[in-house]
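**Student:** Now for the letters of each chain:
Protein chains: 2
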Amino acid sequence: MSLLAVGTVAIDSIETPYGKVERVVGGAATYIAWAASYFTDQIRIVSIIGEDFPEEELGLLKTRGVDTDGIHLVKGGKSFFWSGRYHNDMNSRDTLETQLNVLADFSPDLPSEYRKSKYLMLGNLTPSVQMTVLNQMEVRPDIIAMDTMNFWMDSAMDELLKVIKRVDILTINDEEARQLSGKQSLAKAARDILKMGPKYLIIKKGEHGALLFDNEQVFFAPALPLYDVFDPTGAGDTFAGGMMGYLSNKGELNFGNLKSAIIYGSAMASFCVEEFSINKIKSLSDRDIQKRLKMFIDLVQFDI
Amino acid sequence: MSLLAVGTVAIDSIETPYGKVERVVGGAATYIAWAASYFTDQIRIVSIIGEDFPEEELGLLKTRGVDTDGIHLVKGGKSFFWSGRYHNDMNSRDTLETQLNVLADFSPDLPSEYRKSKYLMLGNLTPSVQMTVLNQMEVRPDIIAMDTMNFWMDSAMDELLKVIKRVDILTINDEEARQLSGKQSLAKAARDILKMGPKYLIIKKGEHGALLFDNEQVFFAPALPLYDVFDPTGAGDTFAGGMMGYLSNKGELNFGNLKSAIIYGSAMASFCVEEFSINKIKSLSDRDIQKRLKMFIDLVQFDI
Numbered sequence: 001m002s003l004l005a006v007g008t009v010a011i012d013s014i015e016t017p018y019g020k021v022e023r024v025v026g027g028a029a030t031y032i033a034w035a036a037s038y039f040t041d042q043i044r045i046v047s048i049i050g051e052d053f054p055e056e057e058l059g060l061l062k063t064r065g066v067d068t069d070g071i072h073l074v075k076g077g078k079s080f081f082w083s084g085r086y087h088n089d090m091n092s093r094d095t096l097e098t099q100l101n102v103l104a105d106f107s108p109d110l111p112s113e114y115r116k117s118k119y120l121m122l123g124n125l126t127p128s129v130q131m132t133v134l135n136q137m138e139v140r141p142d143i144i145a146m147d148t149m150n151f152w153m154d155s156a157m158d159e160l161l162k163v164i165k166r167v168d169i170l171t172i173n174d175e176e177a178r179q180l181s182g183k184q185s186l187a188k189a190a191r192d193i194l195k196m197g198p199k200y201l202i203i204k205k206g207e208h209g210a211l212l213f214d215n216e217q218v219f220f221a222p223a224l225p226l227y228d229v230f231d232p233t234g235a236g237d238t239f240a241g242g243m244m245g246y247l248s249n250k251g252e253l254n255f256g257n258l259k260s261a262i263i264y265g266s267a268m269a270s271f272c273v274e275e276f277s278i279n280k281i282k283s284l285s286d287r288d289i290q291k292r293l294k295m296f297i298d299l300v301q302f303d304i
Numbered sequence: 001m002s003l004l005a006v007g008t009v010a011i012d013s014i015e016t017p018y019g020k021v022e023r024v025v026g027g028a029a030t031y032i033a034w035a036a037s038y039f040t041d042q043i044r045i046v047s048i049i050g051e052d053f054p055e056e057e058l059g060l061l062k063t064r065g066v067d068t069d070g071i072h073l074v075k076g077g078k079s080f081f082w083s084g085r086y087h088n089d090m091n092s093r094d095t096l097e098t099q100l101n102v103l104a105d106f107s108p109d110l111p112s113e114y115r116k117s118k119y120l121m122l123g124n125l126t127p128s129v130q131m132t133v134l135n136q137m138e139v140r141p142d143i144i145a146m147d148t149m150n151f152w153m154d155s156a157m158d159e160l161l162k163v164i165k166r167v168d169i170l171t172i173n174d175e176e177a178r179q180l181s182g183k184q185s186l187a188k189a190a191r192d193i194l195k196m197g198p199k200y201l202i203i204k205k206g207e208h209g210a211l212l213f214d215n216e217q218v219f220f221a222p223a224l225p226l227y228d229v230f231d232p233t234g235a236g237d238t239f240a241g242g243m244m245g246y247l248s249n250k251g252e253l254n255f256g257n258l259k260s261a262i263i264y265g266s267a268m269a270s271f272c273v274e275e276f277s278i279n280k281i282k283s284l285s286d287r288d289i290q291k292r293l294k295m296f297i298d299l300v301q302f303d304i
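Residue numbers (this note's numbering), protein chains in the order written: chain A, 1 to 304; chain B, 1 to 304.
Same shape as in the complex, but just chain A:
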């Protein structure tokens, strides 16, 4: 079952039309691990933090059964910090400040048992770091998923393409799919990106849902129309965490399981945006999740 999540564990300051929070917990691996923890166990995080990262937050992850031994604490260092302000439409945001801090020297050295993890989620990071992790795996994981972003397409495309070639599932947003493929039509973009290596491509469209492609089929997962989107930070990572948590539990990677996994991911992401930081996804019950999944079923069910 052993799911390895690689990504940032960070501190964020976030401003949205609903309010403002200072120095709260963030980071791709944090969101991934929390979301996955509802569906699978033996979750391991590989990341790097400074002394300013709140110890009790690591404790909370441990009580969820998440192994945090792979989170390297740099004495005297400061954690990766991001601050941003969302616009009124919540679909765009301004980055106010990015401090790489300890992340600048992140060169993961995986604990030996981590190197045999059966499932691997590479959160958005420098492609060379993602590659380092891939190279340290002793056995090829059963499922490798990766997230990335336009920044790496602009600055490290060659290295990025090498990582993409080695994964099973790639998750990017619609604009990134267009940039990576040079195609406006998402159907064409998917066809071209699947030729780059991954078996499955997931195109995330935020409030418009997500598309899953393989070479033969396409599936659409809707987003729940919410009254209030409080804070979109981490929604994509929460989506990936819910998806990989579900897949790690199922074990087998096929189109049918991936469809369900994406609905689980979408449900977790719909919780994530309802409060700041990881506040909402820290405190869900199984009943909350089941009710939310039912809403997704009702949302798209029809008879013809």
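Since the hints were derived computationally from the structure, they do not count as laboratory data.
Among the clues, some could well be false.
Copies of one chain are not kept apart here, so a pair can be met inside one copy or by any two copies together.
Think about it this way: if two alpha-carbon atoms lie no more than 30 angstroms apart in a straight line, the pair counts; the simulated DSSO-like pairs of lysine-lysine are [stated by the list, open to error]:
{"no.": "1", "residue 1": "K183", "residue 2": "K280"}
{"no.": "2", "residue 1": "K116", "residue 2": "K294"}
{"no.": "3", "residue 1": "K188", "residue 2": "K205"}
{"no.": "4", "residue 1": "K116", "residue 2": "K188"}
{"no.": "5", "residue 1": "K62", "residue 2": "K205"}
{"no.": "6", "residue 1": "K259", "residue 2": "K116"}
{"no.": "7", "residue 1": "K118", "residue 2": "K205"}
Note that the structure is predicted; figures quoted are calculated from it, not measured.
With the hints as your guide, set chain B onto chain A.
**Tutor:** Just chain B now, with coordinates in the frame of chain A:
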């Protein structure tokens, strides 16, 4: 089952990244009638044209069983003309020219048998013309749907709200829903717009599908990810035509029937955009439509 479609019957010149056509058949009522003709009979059009409108096109509608006696031909007049150019992303367009021509004096006087139509689709038109039609109905139709656009929200809001109050189904796009309600969240926009009178609100999101709301439920119909969107002109009207054609055949208006109707509408719209003008929706077989509907089922079907 007598479906009355009110709207423009027009001539368009259209330029898209795929090509350019001059003076082809267009108009909301044209698309509505063609799309509906696959699902119901006794379709009637109320509109106005000039002598430049190609007679053979009216003939084709007649062979589909569409009653065109309510299309008023103005001797010596010219038909409503629109020309536009779509941008590369196909989501935005520039209007190059609009000639109201005979539409400027359109004041419909419904043939007596039209006034008892059981189903009514008010295509996008001046709200006062939509109101004139409503007032001429001798018996309140079983189902009244209307389409409108931001232009009337800017220029004739009071009159528009009076029409909206009297219909069962309102179809608008996402930006129009935000403008009409003043709410960014579509869930909140829907809640507020439903207070204005309609029982059902359909929010069209183009390539992102469509949302259906009543006061208690929400349904999402996806759009098919297409390789090529050739010409988006008339997609919204084709959607409405497919929907009202299906509903006219079913007879009863409820959330379940409307869900199916919207999938039919989405399927017809997916054909519409694959060729210029009404070219594709003029020549479909039942088998084409059944195959396309199956694609919509596959697109959102999952097991949990």
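**Student:** Hints first: check each against the structure and report whether it holds.
**Tutor:** Structure-based check of all given hints:
In the homo-oligomer, the alpha carbons of K183 and K280 lie at most 30 angstroms apart only across protomers (24 angstroms), although the nearest pairing inside one protomer, at 37 angstroms, exceeds that limit. Proximity of K116 to K294 under the C-alpha cut-off of 30 angstroms is found in neither arrangement, the shortest distances being 35 angstroms within a copy and 42 angstroms between copies. In this homomeric assembly, K188 and K205 come within 30 angstroms of each other (Cα to Cα) both inside a single copy, at 16 angstroms, and across copies, at 20 angstroms. Proximity of K116 to K188 under the C-alpha cut-off of 30 angstroms is found in neither arrangement, the shortest distances being 36 angstroms within a copy and 48 angstroms between copies.
Proximity of K62 to K205 under the C-alpha cut-off of 30 angstroms is found in neither arrangement, the shortest distances being 32 angstroms within a copy and 43 angstroms between copies. When the C-alpha separation of K259 and K116 is checked against a cutoff of 30 angstroms, the pair qualifies only within one copy, where the shortest distance is 26 angstroms, while the shortest distance between copies is 48 angstroms. In this assembly of identical chains, the alpha carbons of K118 and K205 lie at most 30 angstroms apart only when taken from the same copy (29 angstroms versus 40 angstroms across copies).
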